[in-house]
Amino acid sequence: MKTGGRSLSARQVTLMILGYGIGGGILTLPSLAAGIFGASGWLAVLVIGLLYVGVAWIAGRLAEKFPEETIIEYSPRLLGKVIGLLFNLAFIALLYLVIPVNIRILQELVNISLLPGAPTWFVSGTYLLALAYGASREVDQIAQVNELLIEIAIFVGLFVVVASFQHFDPIHLLPVFSKDQINLDQMEQLLGLTFAFGSLPVVNMVVPYIRNPRQTTKATMKASFFIALIYTFFTAVSLGVFGYKEAIDLSWIGLELAKSVNSRAVILQRLDLVLIVSWISALYTTGLISSFLVGLALGQLVRVRKKAYIIWALVPVTYYLSASLKNYFIWTRWSIYVALLSLVIAFFFYPLLYFLSLRKEKRHE
Amino acid sequence: MNRPVKSTSFRKKGFFFSMLLVIVLTASGCWQGLELNARAFVTAVAFDRPATEEADPSEFLLSVQIPVPAKMGGEGGDGGGGGGGDQPFVVFGTTAKLVQIGIRQLQRQIDRELFFGHTQLILINVEVAKTIGVDRLLDYFKRDFRVQRMTKIAIIDGVAREILNLQPPISQTPSAYIENLLSAQSGSAINYISDFGRFLVEQSEEGTEPVLPRLSMGKETVQTGGAAVIHKGKFAGWLSNLETRGLNILLNQNITSNYEVACPLHPRETIVVGAENFRAHHRLREIDGQTTYLIKVRGKFETVEFSEKHGPLAVLQDDLEKVVSATVQAELEQTIRRAQELGADILGVGRHLQAFKPDLWRRMKSNWGREFSAFPIKVEVKMEWAMTVRRLGG
Amino acid sequence: MKKRSFRRARPVAEFRKEKAKKERAGNEGGPPQEGPALTTDFTANINYLKERIGVSNDVVFREFVFPLPEPVQAVLIFVDGLITKDTINEYILLSLTTFEAKEADWAKDRRNLAEKVKDHVLAINEVSLESNLTLMITAILSGETALLLEGEDRALICNTRGWEHRGIEEPSTEAAVRGPRVGFNEILRSNTAQVRRWIRDPDLRVKTMKIGLRSQTDVALVYLETVANPELVAAVEERLKKIEIDGVVESAYLQEYIEDRPYSLFPTLQTTERVDRVVGAVLEGKVAVLVDNTPFALIMPITFWQLYYSAEDYYHRWPLTFLIRVIRFIAFFFSLYLPAIFIALAVHNPELIPFNLAIKIAGTREGTPFPIFLETLFMELAIEILREASVRLPGPFGQTIGIVGGFILGDTAVRAGLISPIMTIIVALTAISSFTAPSFGVAITMRILRFPLMLVAEIGGLYGLSLATIFLLINMTGLRSFGVPFLSPVVPLNLSDLKDSFFVAPRWAMIKRPLVNEPLDLRREASKANHWWEALLMPPKHRKRRRGKGE
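Chains A, B and C, in that order, are what the protein sequence lines are.
Just so you know, we're using the working numbering here: the first sequence kicks off at 11 and counts up by one.
Just so you know, we're using the working numbering here: the second sequence kicks off at 2 and counts up by one.
Just so you know, we're using the working numbering here: the third sequence kicks off at 204 and counts up by one.
These are calculated hints, taken from the structure and not from any lab test.
As the structure is a prediction and not an experimental result, all values here were calculated from the model.
Be a bit skeptical, because a hint or two may be false.
[To be verified] Over 10 Å on every C-beta distance to chain A, these chain B residues come out as not near it, computed from the model:
id, residue
1, Val160
2, Gly198
3, Leu201
4, Ser205
5, Glu221
6, Ala281
7, Lys297
8, Arg299
9, Ala331
10, Gly349
11, Ala356
12, Pro359
13, Ile378
[Said to hold, decoys possible] Derived coverage of chain C by chain A (criterion: at least 3 residues anywhere in the stretch with Cβ under 8 Å from a Cβ of chain A; other residues may be distant):
id, segment
14, 516 to 530
15, 665 to 671
16, 688 to 697
Glycine residues also receive a C-beta, built at the ideal position from the N, C-alpha and C atoms.
Here chain A stands alone, though its shape is the one from the complex (with noise of 0.2 Å):
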């Protein structure tokens, strides 16, 4: 399978990661967080995103032990054939489980800003036809196009953040975690705010492309952070902008940040729809690298040779799943599970089989 030789540099790597990471989830981050942590939402966030750096840290280890294979080839190596088996599949539903709701929030996004009015089989069927496009290519050029389309993404977030600060105000981020506006009892909230930042499982997926696995670590954390620093300033200058309760009814409030943003000296009259079309290209990148991931490792796992049948195959299902997500308590219902899977995924088995892998090692010794 290994037909992309080791082509990837570590920045690449770095980007993939981001560009698995950051898509749909940071349009709606900070409300979620708000609507948990009031006005000191920022700062959950940013707590959550430095513990993923803890566990990036163990992910691209695991990765560097094991520089020639995947987490599919070996996991049943380190915790036996079945659960090695029900963990691959756990595994490979974590990263496919991403794709649906990927696609149902592009749905959203287009149907409420660029088409309204657009049927849903025209919006995600062209959709996801070009995911399957994409990640039928080879590695290389899903890192090229990561590459391009999520540094733009970024670029353009990052201008309409700094452009909003015009109407930001530090006094929305306070105060401190206050007892009055912490909504603890909304646990599965809490859940589909760390949805956002499950993109670890692309660098086990991709060590064995990268040119020099040694910096397979670095990169992934580094990654990690970029990925905690985005979404605390997102989630901080969308607080201090528009104050947590508005925060909270605002469902896509990085397009009212965007919204919000006075630009009467640009061509344009409005920057949010720039934003969509951007953000585009960043949840493309998820769906792409996802549907990468999910072709690889099936194939790795049924021993197909070629991901791109299973890619196709699997078009019809992941439209039909899509489909089913039909209003926004559904999906976000959804990316509870996907969040759970991903946190049990994290912070249970990557530990283990860490552990697991450290003392092969020493036996081997």
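Starting from the known structure of chain A, fit chains B and C onto it as the hints suggest.
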């Protein structure tokens, strides 16, 4: 190491799918794609009391202003000013209880689809704002993604619809004219600058109440000045021109304004000073065991009309600074008094309590309107004579 | 160094080769190398030759007697028009017919006569001996003169090439304000000589091969042996050798055979008429392929961005080049997207257009009969037709067409209310933008892509456009030019190469050759401190270290 060549069957498949895509796309036609000329750009919306006296108090008269493209864009020349009675816009109106229904009723009269993406202005008659509430009227626009957050909102002391029909002195449409008036560029200190986005933020937040600019009809033009305080989504009361100026200073709105003060050395003479660079710092302080909201205002001023007769500069400086400070302070205190009178926390005191004294806030939250009226608020003003030497002596 | 894998030319080429072999198996003659040999039978040789090429009137057989003690029958064979008559008359015929055998000792022995004639009689700079009849015929047909002597089974091939040709002129397709005013012409030799004049490096290699079963066209690979990656050179050579076409009329014939992705819309080789461009490319470690009978050379490998560089970019100071390139890429964006974005905004998202502009556009469109999409499509088509017409018509007429089409047609259509003025602005801007592309090939690609993008914009608005752009990007990242990723150095990012991309660094700061070409010799400058003032500015210690490193 030779890279495996992508098999041709694969490429064919990609080609096949892209062809499929094209066919699907062309077969499906277009959705909601509307020509520019099939849309009616609504530039301004106005809410009024229905003309008939016996109307239901929960009903309102909804008017929209739509520019006529052929008269505005068209062949360059005749666009300027639209003189000769042939106005470059039309105004439609209908009475309704809900904005959504009103718009649907309007749509029945207009052959093009009403489009709110370019709405620059939402004008609300004060009576309507009092009875129905600003909140309810704006709800529709809050939900329409195409409405901009930069849309200006104003409370009208008079009939809002008349403004839509007004012949603007310079700009092409009244909406453009009024939007400019309500923007910061008009530079008037007694004009409260706000927009839809700001209104929504202030509205949603606990411990702050929104303020909207006031517009009143003059003879042939519209005048800005003053502001409307909104309390719990409804109109609560006006702020006078000077109170608005005070509010602008308190909220750090970066204004420039003139003050007339008595000359400290020659009590009968007046000195006009131009003040600017106001900075207001809001603090919560314990004063005499009581939590007090302390606003420290600093600013700079420059004499505008000044002559030798007022006395030597060196002697005058201290006294003049004191006098100006006192004048400004009196005005700010008046603003605060007015706000407390109305029971509307337009200063954001509650927001500060929430951020820095959460315990106190928890106690006061439920009854904040009344608590605010009694809350000790202190203003300290220190004005400084900038003395940028533009001209020595008179 | 990482081993670069060069994609094989194309599977189809191999397939064709096999097919051609099968076909040829039955044919007489076979491949030229295996042709019949000359015999010692003089008349048989002549008869054979007369049968093969003597039928054509332009092939001249000049028989004469070589006055040795026992006279030798001889014949000169050449193609009239491909030779310089003076050379044949004075240096072959004259020296052979007036030869005085008495004075030469060697003439007493008749053995190895051909070699002796070559060594002692012929005053020609390039003479070789040939015993293969087919190769001899090829030589004759490419302008050389064959001398056959009685009783010899080897012919003397004398270089007498010379024909009417165009002089060296300024290339009209790639005009430049600054830079040398010379371009290639149709003569391969003169072209390689021009490159040689620029680079007097003994490492400059000119490797010639013949391509074309019938045309036997000379093709030359030009590269610097100690700079260009040998794998690259080998790949180019391999791909060229695989071509088995009947004739190479123009370098474009080769281009399509050796491209990595023959189905792509984008050209992955560069064509140029300018000598300086080829020289610059060769210095960067690229390979140039020059083809006889055409002034257009091929340069490989290239990246997408290089299609947007003009030769002149390197002759201006870097800030100016930077500006020019930025403008060119903006124009590229316009030429591809402007009509599509206009359609997307006007049809789906008018709230993005500032109000005053939107109302102006709506005003000018009031009463025009066609929907925006069709109007744009018609206008774009009209422009394409105009462009084609003005290219086909000779010089002054071309301009007339431009004026008639652009001004009269456009203006009348607007006046008649058939199209809106804004549309003429957009279409004109698009057309003008597309003219800024220095490479004709990529300009055409953009023109082709513009139409599907317009359709996508009509159907899917900005969403469709973003998706289409993503499609395009995936496609472009998949392209390679002799193993070089098409979008590098931007993706994958390569900071050193980025110095010569949209961003342009001063020349002295471009220390390394473009790394994407993976040259053998990385540095193009001896040391970094070679700009005179940089040496002054650097602290002495640092300067020493740098210099030590550089040399």
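Val160 of chain B and chain A, when compared Cβ to Cβ, separated by more than 10 Å: Answer for Val160 of chain B: holds, closest chain A Cβ roughly 30 Å.
Distal placement of Leu201 of chain B relative to chain A, Cβ over 10 Å: violated (6 Å)
Reported absence of Lys297 of chain B from the contact zone with chain A (all CB gaps over 10 Å): holds (16 Å)
8 Å C-beta criterion, at least three residues: is the segment 516 to 530 of chain C covered by chain A: violated (count 0)
Gly198 of chain B and chain A, when compared Cβ to Cβ, separated by more than 10 Å: violated (4 Å)
Status of the stated non-contact between Ala281 of chain B and chain A (beta carbon gap over 10 Å): For Ala281 of chain B, whose nearest Cβ neighbour in chain A is about 13 Å away, the distance exceeds 10 Å, so it holds.
Outside-interface status for Ile378 of chain B - nearest CB in chain A farther than 10 Å: Non-interface label stands for Ile378 of chain B: nearest chain A Cβ at 17 Å, farther than 10 Å.
Given as non-interface: Ser205 of chain B, which should sit over 10 Å from chain A by C-beta: violated (4 Å)
Cβ separation check - Glu221 of chain B to all of chain A, threshold 10 Å: At roughly 28 Å from the nearest Cβ of chain A, Glu221 of chain B sits farther out than 10 Å, so the non-interface label holds.
Verdict on chain A covering the segment 688 to 697 of chain C, criterion of 3 CB contacts below 8 Å: holds (count 6)
Consistency of the no-contact label for Arg299 of chain B, given chain A and a CB cut of 10 Å: holds (19 Å)
Coverage criterion applied to the segment 665 to 671 of chain C (partner chain A; beta-carbon cut 8 Å; 3 residues): With 6 residues close enough to chain A, the hint holds.
In the structure shown, a violation is registered for the earlier hints numbered 2, 3, 4, 10, 11, 12 and 14, in ascending order.
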